[in-house]
Structures are given as structure tokens and as C-alpha cells.
Amino acid sequence: MFSRLSFGVQRKIVIIGFIMIPLVLLLTFAYYPALELIRLSFTSWDGLSPDKQWVGFENYREVFRNPEIFGVFWHNLAYFVIGIIQNILAIYFAVILNSRLKGKHFFRLLLFLPYILNGVAVAYLFGYVFDTTQGSLNLFLGSLGLPSDTSWLGSESFVNYTLASIGLWRYMGFNMVIYLAALQSIPADIYEAASIDGASGWQKFRFITLPNIYRIIELNLFLTVTGALEVFDIPFVLTNGGPAGASETFVMKIIETAFQFNNYGLASAMSVVLLVIVVAVLSVQRYFLNRGDH
Amino acid sequence: MVSRVILLAVVSVVLITLLSACGGSNSNLNTSSNQPAGETGSNEGGQATGEGSIKGELVFLTNRTDMVGKQYTDYEKRFEEQYPEVDLKFEAIQDYEKNMKIRISSGSFPDIVLIGPGIANSELPKYFAPLDDIEFSGDIWFAESKASEGKMYGVSSGNSTVGIVYNKKAFEKAGINEIPKTRDEFMEAAQKLKDAGIVPLASNFKDKWPLGAWVYDVPTMMSADPNHQNERAETDTPYTMDNVYGQSWSLLRELKEKGYLEKDINSTNWEQSKKAVAQGDFAMYLLGNWVINQIIENGAAAEDIGFSPFPADNSGELKAPLNPDWFYAVNKDGNVAAAKAFVKWMIEESGYDEFAGFIPTLKDKEASLAQLKEFQGYNPQMIEAGPPSSEATEIQNKAQIDQEAAVQEFVLAKDPQKVLDKLNDQWTKAKKSLGY
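Quick note, the sequences are listed as chains A and B, same order.
Each residue of the first sequence is one higher than the last, beginning at 1 in this note's numbering.
Each residue of the second sequence is one higher than the last, beginning at 1 in this note's numbering.
Pulled out of the complex, with its shape left as it was, chain A reads as follows (with noise of 0.2 Å):
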């Protein structure tokens, strides 16, 4: 049957049948939960009852008003000025092991498997690293002769960016392998040509590989800035968000919001602002960097 239809009919069915499975996946379970979640944001749900009582912008006037929930976001600033290290480090990584290199590949590997791992399992990991008593990192430094009693995830002043350089250490190599494709892409014959006019491998890195790369610096960026803002699980297995509050992230204080004082409106509230503020951070970043371009 299906074959006495013209190609143009069958092409048609058929593509229209591929599309609509995960069209109809995407709107039930991404879109249709975004709207959800916007409509819940002006209520004062309480997870339980079939009423959901609206209360207007209420819920986003809390939200601003109080710094028990918006202050949590200097924590944040921890994970961002790690992450800017961490691209930093990448490309200086990128760079090296795109020059001819003994035993690049191994290295390469070795850089890349931290982002393979499950982020929870890292997250115990660490949890055996970062112990004052017993920890491996105290015992190293003692056996070094230096202070062996820091309290890494104990002190409030640090304990950020403790938990932030676990993060530097997961996705170090994963920024590193999208530097690494792009330098690759970049053709060998311009830096032959320069190297001919006599130029520096900094001035080469510079004029050269930096703006061949720009577009990429970009897309890790946007990957740091959300992930800053996004943190969860490694704050939230290592210290659940102590001491006394001081590594308690924003998506943390969205869990606790709905799940532990059934304030589902406010934490959806919460999550909207969230999902606004990365596209306004977004926005911004991508007219500072596309100013170059014109």
C-alpha cells in the first residue's frame, strides 16, 4: 500500500513520522514543564493541596527582597573566578599538547578522563581527599613539613573555592578537548607564513590562534558562567551546604525551598529568575565579545 504512493508522499510521511517522536518527547518533557513551572511561580503552592492559590508577583518580590535567598549567589562568584582559571588553563594545555609532543595522546587522555567520571563518585572522592584528619591532601603536606590541619571544607572563607578547584579538576579536559579540535582546525600554512615574516610564538598565539578561536573562548565561556550558576551536586554531597551555610549554592536553596518547606511557588519563582539570569548573562557576554567582529 505504502509503495503505490508517489516518492514525494512517501518522503513526506516518512519524514514527518521521524520528526513527530521526538517533537512530541520535546514538548512533554521540556517545554510543557516550563510552562508548568512559570504558571506555579505566581502561586502559593504547597506541593500537597489540589488548589493552587494565585498570588501575583509576590513570589519574585520575595525572591529580591530577601538576602537569605539572593545573597547565596556570592558563592556562586567562587565557582565563576575558578572557572575563568580553568579556561585559562585549558587553552594553556590545548596549545601544548597541539604542538609535536611526545606521548600527546596519553597525556590527552589523561586530561580528559576526570570528565568521564559520575560527578557524585568525584564528589566522594574528594570527600576522602579534603578530610582534615584523615585526608590524603593534609597527610601530603604534612609529610612536606607544611600545615597538615586545614580545614578545607570546614572554613567558611575558602570552602567555595575548595569545592570549585574539584570542579576545575573535572572540567579542565573537557574545555581542553573542544580548544584542542579548534587549534586543529586552524591551517598550518598561516603560521608557517608567520613564522617566515620572523614572529614570536607569542605574538603567532596571539594574532594568530586567539582570534581563529574566538567563537570557541565563547561557547566555554557560556559553559563556565551557567555551570557557575548551576552548581549542585559536588556542594551538595561534600558539605550539604555547611559550614553554617557557607557553600550553599542557589539550585541548593531551590531544593530546600520546595522539597524541605514546601514552598513550591517561591522555588519556582526562584528557578525562573535562575533561567533569567543566565540569559541575561549570556546576552551580555555575547555583545562584549561580538563587538570584535564589526
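To be clear, the hints were calculated from the coordinates, so they are not data collected in a lab.
Each residue gets a CB set at the ideal place from its N, CA and C atoms; glycine is no exception.
Be aware that a few hints might be false.
What the hints assert, rightly or not - For each label pair, taking beta carbons as the anchor points, the in silico distance ranges come out as:
| hint | chain 1 | residue 1 | chain 2 | residue 2 | range |
| --- | --- | --- | --- | --- | --- |
| 1 | B | Asp313 | A | Asp149 | 28 to 38 Å |
| 2 | A | Phe70 | B | Asp313 | 35 to 45 Å |
| 3 | A | Pro33 | B | Gly150 | 35 to 45 Å |
| 4 | B | Glu97 | A | Asn118 | 50 to 60 Å |
| 5 | B | Ser122 | A | Phe70 | 26 to 36 Å |
| 6 | A | Tyr124 | B | Glu81 | 44 to 54 Å |
| 7 | B | Lys173 | A | Phe70 | 44 to 54 Å |
| 8 | A | Tyr124 | B | Gly386 | 32 to 42 Å |
| 9 | B | Glu91 | A | Tyr124 | 27 to 37 Å |
| 10 | A | Asn118 | B | Glu257 | 36 to 46 Å |
| 11 | B | Asp236 | A | Leu27 | 41 to 51 Å |
Claimed, not checked - Here are the simulated DSSO-like pairs of lysine-lysine, each with C-alpha atoms no more than 27 Å apart in a straight line:
| hint | chain 1 | residue 1 | chain 2 | residue 2 |
| --- | --- | --- | --- | --- |
| 12 | A | Lys52 | B | Lys98 |
| 13 | B | Lys208 | B | Lys263 |
| 14 | B | Lys414 | B | Lys263 |
| 15 | B | Lys55 | B | Lys151 |
| 16 | B | Lys194 | B | Lys173 |
| 17 | A | Lys52 | B | Lys432 |
| 18 | B | Lys55 | B | Lys126 |
| 19 | B | Lys101 | B | Lys344 |
| 20 | B | Lys101 | A | Lys52 |
| 21 | B | Lys363 | B | Lys373 |
| 22 | B | Lys275 | B | Lys263 |
| 23 | B | Lys258 | B | Lys208 |
| 24 | A | Lys52 | B | Lys429 |
| 25 | B | Lys332 | A | Lys52 |
| 26 | B | Lys151 | B | Lys344 |
| 27 | B | Lys77 | B | Lys344 |
| 28 | B | Lys126 | B | Lys192 |
| 29 | B | Lys126 | A | Lys52 |
Following the hints, put chain B in place on chain A, whose structure we already have.
Using the frame of chain A, we list chain B on its own:
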């Protein structure tokens, strides 16, 4: 051409399995939730004519995933022997409180569920059937805990108390021959343990939840008043230095300052602490009796672990709070008659309290665990926890106060008074905006 056909076949097989997987789980859900609802009609009819007939499918939504295929198989066999027309099923889920809430809010849920503090008592009649007509063989603990308008909607599945769980070998090594009965004796014992190179009290400070004892139970022991959490609703300053919370949290702060807790309380490890207590490197826990079995599982000999009331003051009168575990509640649209029979059976005949190491819900049934017998031998005054008031819970949720986190802050802060001021400030604001 052939390879294309194969490719098409593979793709369609993958898609079909994917789709049928979605459909499969859906249809499962439907049968489990619809069938009890279908049973309703016949049951209500039965109840109208007198005692409801005990038959049909009965589903118990449980949090004990570890008991599926082991104890539950045995329970099912024994229960169905007594009630041959009932088809008992167990559905075990993880992350119970959150998932159960979603199930209830979706409108259809199994016949018997476990409820905790997450649902306000005033909401109970909306979802559950009153259980007053179950005839237990004696008085039960916590009959009024899950009540609304004079009717009981929940039966405690078992109860626990909080006290000092200690390693007898560690006490021996430090030269402690008698269990401390006053606060001063407790401090002395802690000093002896510290001198012997043993960590006196494992606080598990970092994990936050083990600090619950300092929020709920130590204040109960200090005031002999189980309603201190509810009474917060009546005041604008529930957290002050000289009330039970200030006193309880200051005691923990004192223990920390004297070095009686772990070396770095911000880097504690719950799983390791159980091993350390089992081996005698840590001497004590201030936790519920449920932890005893877990220490034994981690390698301690059962006779080396003791359990005694915590002396929170110097009066010499020992007090211990009695806390309920999960409550059984029965879906009012489910198979009510059979569910009630099951709740009665679980409390009286199943042996679940023994297996879980609970204090039985029947008041005159004796606990079977040796450590609980030791505990009761000290003759502590048992203080039954009261029903939580929805006002205090509402204010606390509105103010977003996490009391265990507040204890952490209080202990770590340079000026603890400031932590209390901040809490009171949040409390007052939330109270006002709710209009209490």
C-alpha cells in the same frame, strides 16, 4: 540496499522498545492505582451493611526497600493465611516523603501509606480514613498524634527514643565504671575519654541531620515539655539564650570548646563514624535507638554496645523523649476494611518492631532489644512527643528556618547571640505575614 533495510529495522526496533517502555510503566501505574479505586464500590457497600468484608487487593506503599523479597514475603504469607481473600502487595519506593506527596497530590495512591510530619493534621481527613474503630489489644502510644477533629488518622508503626549509645569497651578503657547520671558526671566521663585518646562524643556535625537531637530531644529532656516546638508559635522570640534552645545549643558549644567532639567537626563522616564507634575509637553517640543495630552491623559485638538516657541537667532525674516513626494511614478511597485489618496485624503480630529495633506501639508490650531493656532499666521518665501544631510548622516554613543549620551556625559563630537574633527576626517577620 540490504544495509539500509537492516538500519531501518534496527531503528524501528529501538523506537518501538522506547515507546513501549513508556507505555509499559504507564499502564502499570494505572492498574495499581485504579484497581483499589474499583474495589471501593463493593467495600463501601459492605461497610454500610455492617462490618466491611475483608477481601480484595491491598497495596502497601512502604519505604523499606530492603525488606522486599525478604521479610515482606513472609508477612504476605502469614497475613494471607489469616485473611485468605486478601491479595496483599508491597510497593517499595525510595525518597519516600517526596514521592509519596506527589502520589497523593495526583489523586490516586495505594491503600496503605506511611505519613510523617510533612502533612498538616487538618489536611488528613481530605485523604485518609479514620482508624478509631481498629480494636487494639491494649492502649497504644501516639493515638492523638495524627488526629483531626477528634478522629485518629494515623497509627505509629514503631517508636524510638534518644539517648547515649556508647561502646562499653571504650568506657572500660577510659576507666568509667558507672554510667553518668548527671551533667557534671557526663562532663567528667567525657574528660576521661579524651585523656584516654578516645573521641568522647561523635556529633557528625557536618552532616547536619544528626544535630536534630539538639533541636528536638535535648530541649525536651531539659524542660520535660514535649510541646516546646509548638509553643514557638506563641512568641516573637522563640530562640533565646535562657530558654531550652539556647541552653541545649550552648551545651553542644561547650562540648565543642572543651574538645569533646571530633577533631574537626566540619569534616565528619557518618559512615566512618559508625565503624569508629564499633571499634571504640569514638565512644558515644547522642542519637535514637535505631543506630544500635547499625553499629552492630559495622562490626561491634552486640554485648559491647550500651544505651542509656542522656543526663541533660544536674537533677539526677533521667528523662527520655519518645518519638514516633512513620505512621500508617489508610486511603479513604481504597480498600479500607482490609487495610485496617492489615494495620492491626502489623502492630500486633508481624514482629516488625522487633525487626526494626523499635519500642512497640502497644504500651504494655516489652521491647525485645537488649539495649532497650538496659535503657528502660534506668527508669527514665518517658515523655511522649505531642502532635505538631500546624501554626509553628507553617511559620517555620514561611521563615525558611532550618533548625539544624541554625545549630551549626550557633556552635561555629563568634557571637552566638547574633545567630539567635537573626532567627528571631526571621521568625517574627514570617509570623506577622501569616497573621498569627
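The hints, checked one at a time:
no.: 1; hint: Asp313(B) to Asp149(A): 28 to 38 Å; in the structure: holds, 34 Å
no.: 2; hint: Phe70(A) to Asp313(B): 35 to 45 Å; in the structure: holds, 42 Å
no.: 3; hint: Pro33(A) to Gly150(B): 35 to 45 Å; in the structure: holds, 41 Å
no.: 4; hint: Glu97(B) to Asn118(A): 50 to 60 Å; in the structure: violated, 25 Å
no.: 5; hint: Ser122(B) to Phe70(A): 26 to 36 Å; in the structure: holds, 33 Å
no.: 6; hint: Tyr124(A) to Glu81(B): 44 to 54 Å; in the structure: holds, 45 Å
no.: 7; hint: Lys173(B) to Phe70(A): 44 to 54 Å; in the structure: holds, 52 Å
no.: 8; hint: Tyr124(A) to Gly386(B): 32 to 42 Å; in the structure: holds, 39 Å
no.: 9; hint: Glu91(B) to Tyr124(A): 27 to 37 Å; in the structure: holds, 30 Å
no.: 10; hint: Asn118(A) to Glu257(B): 36 to 46 Å; in the structure: holds, 39 Å
no.: 11; hint: Asp236(B) to Leu27(A): 41 to 51 Å; in the structure: holds, 49 Å
no.: 12; hint: Lys52(A) to Lys98(B); in the structure: holds, 18 Å
no.: 13; hint: Lys208(B) to Lys263(B); in the structure: holds, 17 Å
no.: 14; hint: Lys414(B) to Lys263(B); in the structure: holds, 18 Å
no.: 15; hint: Lys55(B) to Lys151(B); in the structure: holds, 25 Å
no.: 16; hint: Lys194(B) to Lys173(B); in the structure: holds, 11 Å
no.: 17; hint: Lys52(A) to Lys432(B); in the structure: holds, 22 Å
no.: 18; hint: Lys55(B) to Lys126(B); in the structure: holds, 24 Å
no.: 19; hint: Lys101(B) to Lys344(B); in the structure: holds, 24 Å
no.: 20; hint: Lys101(B) to Lys52(A); in the structure: holds, 15 Å
no.: 21; hint: Lys363(B) to Lys373(B); in the structure: holds, 14 Å
no.: 22; hint: Lys275(B) to Lys263(B); in the structure: holds, 17 Å
no.: 23; hint: Lys258(B) to Lys208(B); in the structure: holds, 20 Å
no.: 24; hint: Lys52(A) to Lys429(B); in the structure: holds, 23 Å
no.: 25; hint: Lys332(B) to Lys52(A); in the structure: holds, 23 Å
no.: 26; hint: Lys151(B) to Lys344(B); in the structure: holds, 17 Å
no.: 27; hint: Lys77(B) to Lys344(B); in the structure: holds, 16 Å
no.: 28; hint: Lys126(B) to Lys192(B); in the structure: violated, 55 Å
no.: 29; hint: Lys126(B) to Lys52(A); in the structure: holds, 16 Å
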